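Engineer: With the hints as your guide, set chain D onto chain X.
Taken in order, these protein sequences are the chains called X and D. First residue of the first sequence: 1, per this note's numbering; consecutive thereafter. First residue of the second sequence: 1, per this note's numbering; consecutive thereafter.
Below are the EDC-like pairs computed for lysine to aspartate or glutamate, each with C-alpha atoms no more than 20 Å apart in a straight line: (1) X/K73 - X/E32; (2) X/K103 - D/E44; (3) X/K9 - D/E44.
Note that these hints are calculated values from the structure, not bench results. Note that this is a predicted model, so its numbers are computed, not measured.
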Amino acid sequence: AQRVTQPEKLLSVFKGAPVELKCNYSYSGSPELFWYVQYSRQRLQLLLRHISRESIKGFTADLNKGETSFHLKKPFAQEEDSAMYYCALLYNFNKFYFGSGTKLNVKP
Amino acid sequence: GAGVSQSPRYKVAKRGQDVALRCDPISGHVSLFWYQQALGQGPEFLTYFQNEAQLDKSGLPSDRFFAERPEGSVSTLKIQRTQQEDSAVYLCASSLEGQGARTEAFFGQGTRLTVV
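For reference, chain X alone in the conformation it holds in the complex (with noise of 0.2 Å):
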């Protein structure tokens, strides 16, 4: 079955430190893997997606395929990246598995 695992619910860094948000996923077929991000009170909107290969407000995430992770990162955190983070595992062109969510808080 299909599964997307974000095991962190909070993770709080000082501004200029790195952040790891970690997922991992469960997939049989080659996988679509995705990063949303939800700033307060706004709505849900893409971040990156693997097949893009792109980094985003210098976000990157890279596909592991041997431990099944699709970890995002940034080497120095602003305070602005406060957010919650959700992965999502693409399945059959039309829909997303998300994980339950990272609540990222970054410190000044």
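Structural biologist: Positioned in the frame of chain X, the structure of chain D alone reads:
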């Protein structure tokens, strides 16, 4: 409008009452999705439309849940005989192309349903 619009933003229903939640997708978007997000959880898939066709309704939790998109634009999620476990935020999303969410899915702000 500029984005996906959902109404109402908040809905309080008495147990047993029927409710209807509306979603206005971005104009021209082919794909439309409904998700249910319980408190402290990630969104869970309910159903998917491509234009007016409901191609996947495997996530609807019971036959009390019904969704439609009759003209391929606005969609309505209806919940009959609401129960307390239906309390959640209901999210609607749309994307431009017919390949579902392979293109970026844009989410609405959600409708928070509270069943008392």
